[in-house]
Amino acid sequence: MKAVVVASDIITPYGMGIDDCWEGVMADRTAVSLVTRFMTQAFQSDYAGTIPGLIYHGETSLVMQMLALLFDRANGMIPGDAKLLLATTKGEIDFLEKSIIDGVGDAAESALDRLLQKVIDLTGIQGGGMVVSAACTSSAAAAARAAAMIRNGHADCVLVVACDGVTEFIFSGFSSLMAMDKFPARPFDKNRAGLSVGEAAAFALIMSEERAHRERRTILGELAGWGLSDDANHMTGPSRESEGLILAMNKALRSAGISAQQVGFIAAHGTGTVYNDAMELRAFRAVFKDRELPVYSIKGGIGHTMGAAGLVEMIIAQRALREGTVPPTVNLKEPDDDARGWVSDRQQAVRRQALALVTNAGFSGVNTALVLA
Amino acid sequence: MTIAVRGIGWLTKAGYGCIRSGLRHAYENSEGARSLPKRRIFSHPFKNFGRLDGISRMTVYAVALAMQDAGIEYSPMKKQDIGIIGTSSEGSLKSDIGYFKDYIDSGRTLSRGSLFIHTLPSSPLGEAAIHFGLLGPLLYAAGRENSLKAIMDMVTEIILTQEADLMLAGQAEEEEALYFVLDREQRESALCDLTQARSIVESEQDVSALIGQFTMLRNKER
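Quick mapping for you: the protein sequence lines, in order, are chains A and B. The numbering of the first sequence is the numbering used here, which starts it at 1 and goes up by one. The numbering of the second sequence is the numbering used here, which starts it at 1001 and goes up by one.
Please note: incorrect hints may appear among the correct ones.
In silico contact screen, one side only, chain A against chain B (beta carbon under 10 angstroms); selected entries [to be verified]:
#, residue
1, D113
2, Q117
3, G129
4, S133
5, F169
6, L228
7, D230
8, K251
9, F363
Here chain B is said to cover these stretches of chain A; the calculated rule only asks that three of the stretch's residues, wherever they fall, bring their Cβ under 8 angstroms from a Cβ of chain B [said to hold, decoys possible]:
#, segment
10, 94-101
11, 150-159
DSS-like, lysine-lysine: derived pairs with alpha carbons at most 27 angstroms apart [as the list claims (entries may be wrong)]:
#, chain 1, residue 1, chain 2, residue 2
12, B, K1094, B, K1047
13, B, K1078, B, K1013
14, B, K1220, B, K1149
15, B, K1038, B, K1078
16, A, K182, B, K1101
17, A, K118, B, K1149
18, B, K1220, B, K1013
19, A, K182, A, K2
20, A, K289, B, K1078
21, B, K1047, B, K1220
22, A, K118, B, K1094
23, B, K1078, B, K1047
24, A, K190, A, K333
25, B, K1149, A, K2
26, B, K1013, B, K1038
Keep in mind the hints are simulated off the structure, nothing from the lab. Ideal placement from N, C-alpha and C gives every residue a C-beta, glycine not left out.
Whole structure, please, built from the sequences with the hints as guidance.
What follows is the structure in structure tokens.
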């Protein structure tokens, strides 16, 4: 049974909707800006990809503000019998911050199962739900699980929701790991020096092809294959051999029943850290050999949106497939020697009938690869 | 395709053990889980065990016992395509509070990366993956009700789609944990099939009660 995406939407630092994000990255324009919601002078960077207008430490968490805006636009799109997979790393961690800094509220309000109930209430679904959390691969892993449920005939409609916000909690954490670039992230650039944290929320409604046809839904694309793996190597550092991502990519190709030759471009994780980007390029060379194909990262544009990254990147990659054009890698000035021939600061055409590969990686050594058709 | 339970490892406040092999060790007075490092539960030394948070410790002990029960040898030098899905009732809440309080207490300038890395609910699984050499899918999942049953369904999907050779699935809390080893083949040595395991997990949510139910099943099968 094919798993197809019939509806999707995002809110990113570029603004509301897929069009705003698509136009931003296609114009090679960054939405990463100076952080104003908390003090940053003690940290490695003053920059992050934040969504203007969100209220920090107010009554409602950052992610619920994003999700409320997102589902306001989804009127009537979400069937009540959909199953929900909610992907996030830190969810409503701003509630925990507030309780510790100001002594207001209960830290336990940040628990992910409470957020799950709020998202169930917001979306109105009655098919049950689960939180899926796998560091910065969370939403790619959730999309894979949704597709597996559909392929195995255990569900015919799954709503994947992803969200994470820029908070002092996570900003201080990434800074303590010396993972941030002082300036907006420059993925695959020779002078890249780390990531920029970003925030986003997204959803994708994934259906069996049969149900999509029955309900006369517009099919935006197919989630044709997926692969999940772990490096089993280090909690924060990617593998120097790239064997985990290679395994995930090969599993995804096998799951889709395709060869590497059929992949037309790669939407990379591309965080902008020296080690992540090098790890990915090694993996791409191992799987695609000497065939250089377009690779891009949107994280110079919106920052690393953590648990939301995989789904946002999947949605933008589907747009690239439909448009027949691959976006530039935002903020790329001078490609790293290893990246030459793969990444570009310009838009590139996608060959017809090509498939897309979306790769993500995260703490604990997790890797995901999704094949989109 | 039949999915079989090849082994179960568990820990409670009262002791630890394995279901299929019948290993059961009850702590003596005041001994408790603090004695576990002396018990040679791991087949090779656990690097930097001291930096693990409470749920990570319980996770890796339960995984070691489950692997032992299933007769699976492991080594970080010989990695295997085994996946792990885990759950817990509070996710990483305790580690989140520990990290952020430490950061606030330090004057809101420096935070500790060693604490930050355990603020992901999937971090205990990452610690297990590194020690046991697990290359398969790794994720944390939780529902509003009976997360253990829900993750068994997720494991079923992974095994059916042949995404990993073997899967570990379980639940870990600060003072108790239970992990299963699941396989796509029904071996003679298997404890039960997944349908039986799922019905037990559906009827019981308390770890001690689950241990009792699976022990009864094991005794009945013999």
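query = Where does the structure disagree with the numbered hints, that is, which hint numbers, in rising order?
reply = 13, 19 and 21
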